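2 protein chains.
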Amino acid sequence: MAAGGFMASGVECGVRSSGSLDLGILYSEAPCVSAAVFTRNVLKGAPLTVTGDAVTNGDVRAVVVNSGNANAATGERGVEDARRMQKIAADPLGVSASEVAVASTGVIGEHLPMARVEAGINEAAKNLGSKGESFAEAILTTDTRTKEAAIRVEIGGKEVIVGGTAKGSGMIHPNMGTMLAFLTTDAKVEKECLQKTLASATERTFNRVTVDGDTSPSDMAVFMANGVAGNKEITMDHAEFPIFAEAVEEVARSLAKDIARDGEGATKLIAVSVAGAKDEASAARLAKSIVGSNLVKAAAFGEDANWGRALNAMGCSGVGFDPAGVCISFGEVEVFKDGEPAPHDIERANAALSGDEVVISVRMGEGDASAEAWGCDLTYGYVEINGSYRT
Amino acid sequence: MAAGGFMASGVECGVRSSGSLDLGILYSEAPCVSAAVFTRNVLKGAPLTVTGDAVTNGDVRAVVVNSGNANAATGERGVEDARRMQKIAADPLGVSASEVAVASTGVIGEHLPMARVEAGINEAAKNLGSKGESFAEAILTTDTRTKEAAIRVEIGGKEVIVGGTAKGSGMIHPNMGTMLAFLTTDAKVEKECLQKTLASATERTFNRVTVDGDTSPSDMAVFMANGVAGNKEITMDHAEFPIFAEAVEEVARSLAKDIARDGEGATKLIAVSVAGAKDEASAARLAKSIVGSNLVKAAAFGEDANWGRALNAMGCSGVGFDPAGVCISFGEVEVFKDGEPAPHDIERANAALSGDEVVISVRMGEGDASAEAWGCDLTYGYVEINGSYRT
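Sequence lines, in order, name chains A and B.
The numbering used here applies: residue 1 is where the first sequence begins, and numbers increase by one.
The numbering used here applies: residue 1 is where the second sequence begins, and numbers increase by one.
Everything labelled a hint here was simulated from the structure, so no lab data went into it.
Please read all numbers here as calculations on a predicted model, not as lab measurements.
Watch out, some of these pointers could steer you wrong.
Each pair may be met inside one copy or between any two copies, as identical chains are not told apart.
Derived DSS-like pairs (lysine-lysine); straight-line CA-CA distance at most 25 Å [unchecked claim]:
hint: 1; residue 1: Lys188; residue 2: Lys257
hint: 2; residue 1: Lys278; residue 2: Lys87
hint: 3; residue 1: Lys196; residue 2: Lys232
hint: 4; residue 1: Lys278; residue 2: Lys44
hint: 5; residue 1: Lys44; residue 2: Lys337
hint: 6; residue 1: Lys278; residue 2: Lys158
hint: 7; residue 1: Lys87; residue 2: Lys158
hint: 8; residue 1: Lys196; residue 2: Lys257
hint: 9; residue 1: Lys191; residue 2: Lys126
hint: 10; residue 1: Lys257; residue 2: Lys232
hint: 11; residue 1: Lys158; residue 2: Lys232
hint: 12; residue 1: Lys158; residue 2: Lys191
hint: 13; residue 1: Lys232; residue 2: Lys337
hint: 14; residue 1: Lys126; residue 2: Lys158
hint: 15; residue 1: Lys44; residue 2: Lys196
hint: 16; residue 1: Lys188; residue 2: Lys44
hint: 17; residue 1: Lys126; residue 2: Lys44
hint: 18; residue 1: Lys87; residue 2: Lys196
hint: 19; residue 1: Lys337; residue 2: Lys257
In isolation and in its complexed conformation, chain A is listed as follows:
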């Protein structure tokens, strides 16, 4: 299932390791309203400057992405290369350069091999079709699987589809859409509404994922709405705006969890929920602190219900709270209750960590707010991948 009026493709042009698709184009037949969010890393990859300009000063209807090279920390030449990617793609797509968003992901600090990139863009433009899977594959780096999601909702009697594709496996930490994500919809949506919907969904989904505490300089999420569904324009005041916003959040959440599950070297998804916090920001910070703790992550890998590490991660999250009001469960097993160790069967608690999805639930006595965060276990595989990524 894909949003109407969008086409995609993915080809191999030799930027990433041989045998891998590494250049993709996503294209809308109709002009789009567009929105984007970017990394909060001080270091920003060159494509972010170029795509930021395009979405701020106008609207994009196509995205060209390469994997294998992030075009980040590449100075002035990097920005020129990103602008050239726009121009190269514009011609065969029959759009203006400013209608093309650019994204790059991979090694930091090397210049793009532009001859290969140019050949790849031309080939990908020729091959556009119902090839979302090829596009999803072309944007991967250390990811082990593609990440796609789509949902259908009815808005004003019209069927509308929200779709999305993302990549992300390492250098993943919540501080703005920490990976690449491309969302599409055939709904007609007002620009400001589209931006706010994307920002809000990002805050609650992509920004709730952490794999290793490092925020990439390449992160971006781009959302294009082409209106081919024929609905009355969605604005913040539209009666059915909440349905649209929930659909977008649902797609983004699905992609966010896919990213966490596919964290470098991961064998398990860790899902942490915090309830009873004083506000959503505190709940999110506590949940992210737990899911980001190397010690919690290693304990999940070792299938050890070491709840002290989860409590400790809360304690150093920067959020103030009264430990006496805290309860913690691993799966269904309560291990800490009202500030005291809760008598429990350790074997049963450890068993709650033995599957491919570990659920840690925290209740506090501070208020009514809650939040979820997602991450993965810390494994020998993570060390292996990152001890030998470049060489």
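Dock chain B against chain A, hints included.
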């Protein structure tokens, strides 16, 4: 070499794994002026409450420490147990309970086996002598070696010794003396001056170490000065105060680097220096962000001079700066210069990571401030230790 008038011991009482010393006492024959700093984790181990009271309301001249159990997240009973440790030690030492500091380190969330602890304290008190090495061993957990340092300086014509012992290997992250450290001096020092000297040295040494980004609830550094050297009391205005402060900082730095070097699973010390920052706090934050990055740590393990990861960690440190003014070297090899990749021999750069000490130097164009931080590589050993610490 040890500060005059201090005695120590370490015994096995069965709290930690069998065959390991796990209870130690450090004791001054003369009354002391004392100072202490504690973890900033919201969760504080019971001993911190008790020791904090003792150092705030009076002065301690003895420290009793157990390893194997942190007595943290143990509720009211935990605090009662810590107070009992004070009382048990006071009797054989011939001091009042309020002159005894208590520290515990190890697993979080289990009550102390008090019968064993009591027997251990009595035995340790009987065995006091020139046994700093036994004390240093008794306070270890996953550490692979003891950590001691001492320095001799002359203050007002009197020879003065500053000594120290520390432990720390996992759950190590800069947010207050992130481990246990016990400093001693035979100098006579005014209380306020001692506290300020300890706080300042902690900020520049212990707080600049990170092993895994998790701040322990048990961290504390206690500093006792018994004045047996016979010097004129050291105050902040004393002409030779800087000599004393530098000696304390030197001892603390040596212990801090020992902790980083002995990080769980570590094969290498990583030392990061940042110069040209706008202030020391920014320099420290940038240095700690680099040394705390899992990706930098894994690259050090893999002996891959992947400077993009160091630059990236700076970018997500929360400190604003202009990447165009940044230069980065691995050992002697400059890999990034004035915001652009610097042409360099990759083999030579990688070779700079092959020893047991990796030096990463950053220069920025923001100002004149500098700072150092220390950490270790991320290895299979770290995952192994923390995937199976408890079970």
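Here is what the structure says about each hint:
| no. | hint | verdict |
| --- | --- | --- |
| 1 | Lys188 with Lys257 | neither (27 Å within a copy, 59 Å between copies) |
| 2 | Lys278 with Lys87 | neither (49 Å within a copy, 40 Å between copies) |
| 3 | Lys196 with Lys232 | within (18 Å within a copy, 67 Å between copies) |
| 4 | Lys278 with Lys44 | between (33 Å within a copy, 21 Å between copies) |
| 5 | Lys44 with Lys337 | between (44 Å within a copy, 17 Å between copies) |
| 6 | Lys278 with Lys158 | neither (39 Å within a copy, 56 Å between copies) |
| 7 | Lys87 with Lys158 | neither (36 Å within a copy, 76 Å between copies) |
| 8 | Lys196 with Lys257 | within (21 Å within a copy, 47 Å between copies) |
| 9 | Lys191 with Lys126 | neither (30 Å within a copy, 78 Å between copies) |
| 10 | Lys257 with Lys232 | neither (32 Å within a copy, 64 Å between copies) |
| 11 | Lys158 with Lys232 | within (9 Å within a copy, 87 Å between copies) |
| 12 | Lys158 with Lys191 | within (19 Å within a copy, 76 Å between copies) |
| 13 | Lys232 with Lys337 | neither (51 Å within a copy, 53 Å between copies) |
| 14 | Lys126 with Lys158 | neither (32 Å within a copy, 85 Å between copies) |
| 15 | Lys44 with Lys196 | within (22 Å within a copy, 40 Å between copies) |
| 16 | Lys188 with Lys44 | neither (31 Å within a copy, 53 Å between copies) |
| 17 | Lys126 with Lys44 | neither (31 Å within a copy, 63 Å between copies) |
| 18 | Lys87 with Lys196 | neither (29 Å within a copy, 61 Å between copies) |
| 19 | Lys337 with Lys257 | neither (28 Å within a copy, 38 Å between copies) |
Going through the hint list in order, the structure does not satisfy hints 1, 2, 6, 7, 9, 10, 13, 14, 16, 17, 18, 19.
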